[in-house]
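Asks: So the sequence lines, in the order shown, correspond to chains A and B.
With this note's numbering, letter number 45 in the first sequence gets 45, and the count goes up by one each step, no holes.
With this note's numbering, letter number 33 in the second sequence gets 33, and the count goes up by one each step, no holes.
Derived by calculation from the structure, the hints in this document are not laboratory data.
None of these values were measured; they are calculated from a predicted model.
All residues carry an ideal CB built from backbone N, CA and C; glycine is no exception.
A couple of the hints might just be wrong.
[What the hints assert, rightly or not] If you want a taste of the chain B side facing chain A, the calculated C-beta under 7 Å gives, among others:
| # | residue |
| --- | --- |
| 1 | Lys11 |
| 2 | Gly12 |
| 3 | Tyr14 |
| 4 | Tyr15 |
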Amino acid sequence: MSIQTSIRRTCLALALLLPASAALAHHGWSWTDDGFFELEGVVAAIYLGNPHATMDVDVEGETWRVELAPPRQTERSGFTEESAAVGDEVKAIGNRSRDETEPRMKAVRIIVHDMTYDIYPNRVPTN
Amino acid sequence: MERLRAVNALKGSYYAYPLVNALHILAIGTLVGAVLLMDLRILGVVRSVAREPLLHLLREAVALIFPVAVVTGLALFSIRAQEYATNPAFIAKMALLVLAGVNFWAFQRFAGSESDADAYSTAARLSAALSIVLWVSVLVAGRFIGFI
């Protein structure tokens, strides 16, 4: 195969694949609902590490998985290991899973101890 | 204890985690690429290169890179072992890896000691075709771990 043919085929493959991969490239958001969602509960577990931070929040006996951002971006919002502890009241604002039976959301903003942490500042609702 | 410290460092690292991740991709890319080329050559799709030297080279490449894929994979797994162990895509990937291993063992039995001129038996060729399906599935299942 000549180099030219190889390049032409690569371009063709990219043209075919790009629309399909656009949905996956969001990595975290393609599975979420568009409308904003608020969750209030008690912190059951916190994980601040790679590949991204998570928080388990107990809401009336049901444990929700609240996904945050990769550790660096999460810490950039001011949220660190000291920001919240198991047992703390927490409010998470963001987008929930499109699957309504799944207790999972991705938070753009976390409010705990009257402190607000904007994990994804560019996605925070403007109201 | 030493290992636990390394796991914690990887968990909170800014650079090490993406680098280990990249190394895992490099290893998997080399591994799956080499396996697919071997399978295609065994199936007779790629005929422009003599079979035995090609298989010899690719087998050596696989032997070299497989441990890298395993070690980097274990490192990535270790930082949230419980999460991954219950992840359906991860479980599927491990099951497919086992199947790929069994298939490789079966291939070696079917193939026996082929000489350059011999064509592979139907069983060996079926095993090579199955190997393509299994390794691509391993790759796809692996990619889905982060999206499930």
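Asks: Is the shortest C-beta separation between Lys11/B and chain A less than 7 Å?
Replies: Result: holds, 4 Å to nearest chain A Cβ.
Asks: Could you check if Tyr15/B really has its C-beta closer than 7 Å to a C-beta on chain A?
Replies: Nearest chain A Cβ about 10 Å off; hint violated.
Asks: Would the hint on Tyr14/B be counted as holding, given a Cβ-Cβ threshold of 7 Å to chain A?
Replies: holds, 5 Å
Asks: Does Gly12/B pass the interface hint, meaning its C-beta sits closer than 7 Å to a C-beta of chain A?
Replies: holds, 6 Å
Hint violations for this structure: number 4 only, all remaining hints satisfied.
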